[in-house]
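Engineer: Fit the two chains together into the complex; they arrive one by one in their own frames, and the hints show the way.
Chain order of the listed sequences is A and B.
With this note's numbering, letter number 80 in the first sequence gets 80, and the count goes up by one each step, no holes.
With this note's numbering, letter number 210 in the second sequence gets 210, and the count goes up by one each step, no holes.
No lab work stands behind these hints: they were computed from the structure.
Yeah, the Cβ is synthetic: ideal placement off N, Cα and C, and Gly gets one too.
Mixed in with the good hints there might be a few duds.
[What the hints assert, rightly or not] Selected chain A positions facing chain B (Cβ under 7 Å, derived; list incomplete):
{"no.": "1", "residue": "SER59"}
{"no.": "2", "residue": "GLY62"}
{"no.": "3", "residue": "GLY65"}
{"no.": "4", "residue": "THR68"}
{"no.": "5", "residue": "ALA70"}
{"no.": "6", "residue": "ALA73"}
{"no.": "7", "residue": "ALA75"}
{"no.": "8", "residue": "GLN97"}
{"no.": "9", "residue": "TYR103"}
{"no.": "10", "residue": "GLY107"}
{"no.": "11", "residue": "ARG108"}
{"no.": "12", "residue": "PRO141"}
{"no.": "13", "residue": "GLY142"}
{"no.": "14", "residue": "ASP165"}
{"no.": "15", "residue": "ASP166"}
[As the list claims (entries may be wrong)] Computed footprint of chain B on chain A; a stretch qualifies when at least three of its residues, placed anywhere within it, have a C-beta under 8 Å from a C-beta of chain B:
{"no.": "16", "segment": "42-56"}
{"no.": "17", "segment": "90-96"}
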Amino acid sequence: MRELTFTAAAREALTEEMARDASIFVVGEGIGPRGGNFTTTQGLYELYGPMRLRDTPISERGFVGMCTGAAMAGARPVVDFMFVDFILDAMGELINQTAKMQYMSSGRIQMPIVLRGCIGIGKSAATHHSGSYYSIFANVPGLRVVVPTTPYDAKGLFKTAIRSDDPVIFLEHKLLLNNKGPVPEEEYLIPFGQANVARVGKDVTVVALAAMVPQALSAADELANEGVAVEVIDPRTVSPLDTDTILQSVHKTGRLLIVDETFMPCGIGAEIAAQVSDRGFDDLDAPIKRLNGAFAPTPYSPSLEAALVPDAQSIAQAIRDLLAE
Amino acid sequence: MELSSEQLLSLYRVMLIIRRSEEQLARSYAQGLIHGACHTYVGEEAVATGVCAHLRSSDMVFSTHRGHGHALAKGVHPRALIAELFGRETGVSHGRGGSMHLFAPEVGMMGTSGIVGPCILQAAGAAYAFKLKGTDNVGVAFFGDGASNNGAFHEGLNMAAAWDLPAVFVCENNLYATEIAYASVTRNPEVATKAAAYGMPGVAVDGNDVLAVYQAAGEAITRARAGKGPTLIECKTYRTRSHAEGMRDAGYRTVEEIEAWKQRDPITMFRKKLLEDEEAGEAELQAIETEVQTTVVESAQFAQNSPYPDGATATANVFSESTKT
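The following block holds chain B by itself, in its conformation from the complex (with noise of 0.2 Å):
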């Protein structure tokens, strides 16, 4: 899949936005403006963004409890991440959510969740009302190692194959389900040669390189599209902050492994790559830095600025209006 520089360029875009609003929100946290728990992408970035990248407003996606990349990469701006984190009503659950709660249907953001394991079996059903309805749209999962070992990774790929389901799971591999290594807690490590248990392909990428996972991505989105089934991508990539904000990180894995992984920091590698490829300028570069950096800001500004929800409106939506009784 050949891109053109804008599309190269808005690959790093994306990513850009998911760094800065992540370092913004780990500021507010440290600033006390953020009530609960708050998870950040860090240095996961190219795996939303290169996966994000070829989907619809109409196409689903279904996320876990470090999820604020996965909704800005489907479209969820700045301003409606961190007036969540606030609580406040601008915020694009309403104040309902926080963190592990991020719902826009509006733009196919289907929720994270502070389960881990359920957004499988969401995206698989998401994927079977597609097919019910004879629409050429995906269910996209994303979650992390740990889910893999939960009971929802077995029963949701074994049906989406079983069913040839118009689904792509996503598993962010970096390394550690909170703060267990992996490696100690299945004897096979390797994601994606799970997939051979249910009779799908299984693709591991480099989630790092945003245009490894760009295509990965885009030959499982393909192949859903057209009728053939469920892929099992695994990006391997790491996360560079703690398991959320204001965790001791420590005990569990050295500074020499993060040191080494924030050398293969996806965005400082993407953007070098765009550089050496005469893709783009460092004027160009650093006008999307500029735009993406007084964007983040302003984002951060309106949330302070934004309102609480008003506490009358608690109960709402617990039931649906059309079959209220």
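Extracted from the complex, chain A is given alone in its bound form (with noise of 0.2 Å):
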């Protein structure tokens, strides 16, 4: 199967899907001529011009009230924040305005609209540009929240989020964007609320999300050596949140660890943790434990940013602690 990285995978879903409906547009901050920062936009511009490939002025609460409106008005915009950071300005909006419309409205607007922009930490980015903040985009009703990790799952969830009649929050996390997965040249889409069986395993169960399945696959491989069995599951979508696949596995393992990069208190690693103790509290054999990113801004130096993290080897430590309870 041919190979594409992970943001070409989603433009060319984003591609696909702007010659087949036609009230699709794209605003951002560079999204135009330039094709966006992070190139998710490269080439459109020639085919669609500034009407669907709208270059704006710094005015986030602005542009993403104005495509609230948009979608109220039939249309399907994608908001390009470039880093997702700076979707903060546009928070009233979004939680007050955008997310609340279709219940508001006793479901006679709809709101299809994506959210999308870059998250996470790394390349020393620094703290206004390193956030994810899908935990708390998770807690808010009416806000379908995506989390992709290979270049497949980019393609298959952007084409549904398009399709979408909710709004969508697409995260794209930065270490991700260049890495190169099997992607099929004929159409598919993944619907949200189903986790990826990333690697199966009978001892443990680690869930991790974008830049963490990476690490928590290689600590996977680490421990095979070992002699462990470590089953890796991938969400990809944090809202809905695919818990019947977590505690399938659960009820195989005994043992769950759930690595996130975010922050650990209010997260979404709690979030699972208290479903899990709920629904599947006899399938475990130990206390369910996390591995977070430290609760703290960001910082720049690598040395720094790198403490921050979890990786491979603090995960594979994690599992080994966890065996050993």
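Structural biologist: See below:
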């Protein structure tokens, strides 16, 4: 099968969807002739022009509100934030307006809007360009929250996002963007709420998201040498969250480690742990453990940045500790 | 723009529907029939009436917390408004919204809002969608003087002007944002002049003169439909009741000021003009007044006889049916 980068796979999805549906338009800073800071829209301006590839002023609140209105009037906007940290200027619009519109209109207005951006710690991006925030978004009724890991997931989930009549937050980790992986030529969509079992194992379950998935897979390789079979589950969407797949795995392994680059307090790991202890208590042979990024803003220096985030070594050690429980 | 007698009487009738509905709501509030907030539009009826007289149901209105008049002028029946404030299933938002969340997309009433400012952005967004689709519809935002000090005003007007969007921004300058005097929180209290900062026309009119509003709105809407871009209209007006029913209306404005504005009541002034210009006779006007009064009284009875929504439906429409997973 041919291989594409994560970004190219997501861009192919956008390209195909824009050809299919003339009501789709993209807004963002530098997404026009420049093709996007992360080449998310490269080549599209030449095809579709300024009405459908709209370079914006630095008005995040403004264009989120504007795209909310456009969606109310039957268009299908894609907001490209470049770095998703910039969405924070639009949180009032997003949570009070975009997310609540379908409910408040008792389903008479739909909200087909995709809000995409780069997330994650890495590359010395420092604290205003390193946030992920998916636990915050997952706490909001009305929002879908997607965190793909592979190029295959990026394309299939982007297509679902763009065809969704709900607002979708589509988060692309900066350390995954240039990763290559197999992407079929034929069309496919990946439904929301369907986790990927990234590696099958019987001894311990590791749930990981985005850039933590390849780290968890490396840790699993290391532990295989020690005779431990690690199952790695990538939820791919945190809202809706596929708890069933996690529970099935825990039923088999009896042990659960949740690896999440973002903050521990009130995070997605806490939600997964609560649901598993509620519905899978009898399957557990040990306490549920979490391994998170440190509860701190993101520093610049590589030595500080690396100290903040779990990696294959710390994940492997956390698995060993869990097996010793 | 010359108006026929029939059109003039229609303006009178719409203003009267708003006034009588608001008076009914104020009485109902005092009787404990309204469960939450009730911001009346008494004194400002000429604005919504003069603007909405130009609109089709496919044109979209985005409103603010003082939005009963906008909903009624856009075609919502008083019974659906009153039932909504009574929290009933037959309300315009099926009891989900109350005073500040009135949704009737079927007539282009795209919502009132409990947050000041977003309506400006959403109207710009609807205008963007209309332009994208090549229709000649317009997006209209109604907001108060308070919103002109909000960032949404700057971001929305800037983008709408930059892209020649078919939007009309109607500022109801009633001199107070809640109970803060507008002139005390801006160095430039002439809202219309702010349009120059965005390179769009800004027009100030007597907001208590329905014909002046009608004239200015007509020019702005014609301009928008012709693809010539947005207009800011400042309607200088006044709410003669308190910010919200049940609130103490003292400490920030004088009785003399309120009385002076009551002398310039938009409905009384227009009635006098209709008689003076011999556009209508006394009997004709009285017939309209009786009919409107009957409609409003029957609407309140309808609302009171309507059922409350079924609690089992309290979580319906958080997400779209089409993408439920």
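Engineer: Compare the structure with each hint and give your call.
Structural biologist: Here's how the hints hold up against the structure:
no. : hint   : verdict
1   : SER59  : holds, 4 Å
2   : GLY62  : holds, 3 Å
3   : GLY65  : holds, 3 Å
4   : THR68  : holds, 6 Å
5   : ALA70  : holds, 4 Å
6   : ALA73  : holds, 4 Å
7   : ALA75  : holds, 4 Å
8   : GLN97  : holds, 5 Å
9   : TYR103 : holds, 5 Å
10  : GLY107 : holds, 4 Å
11  : ARG108 : holds, 5 Å
12  : PRO141 : holds, 5 Å
13  : GLY142 : holds, 5 Å
14  : ASP165 : holds, 4 Å
15  : ASP166 : holds, 5 Å
16  : 42-56  : holds (count 4)
17  : 90-96  : holds (count 3)
Comparing the model with each numbered hint stated earlier shows that all of them hold.
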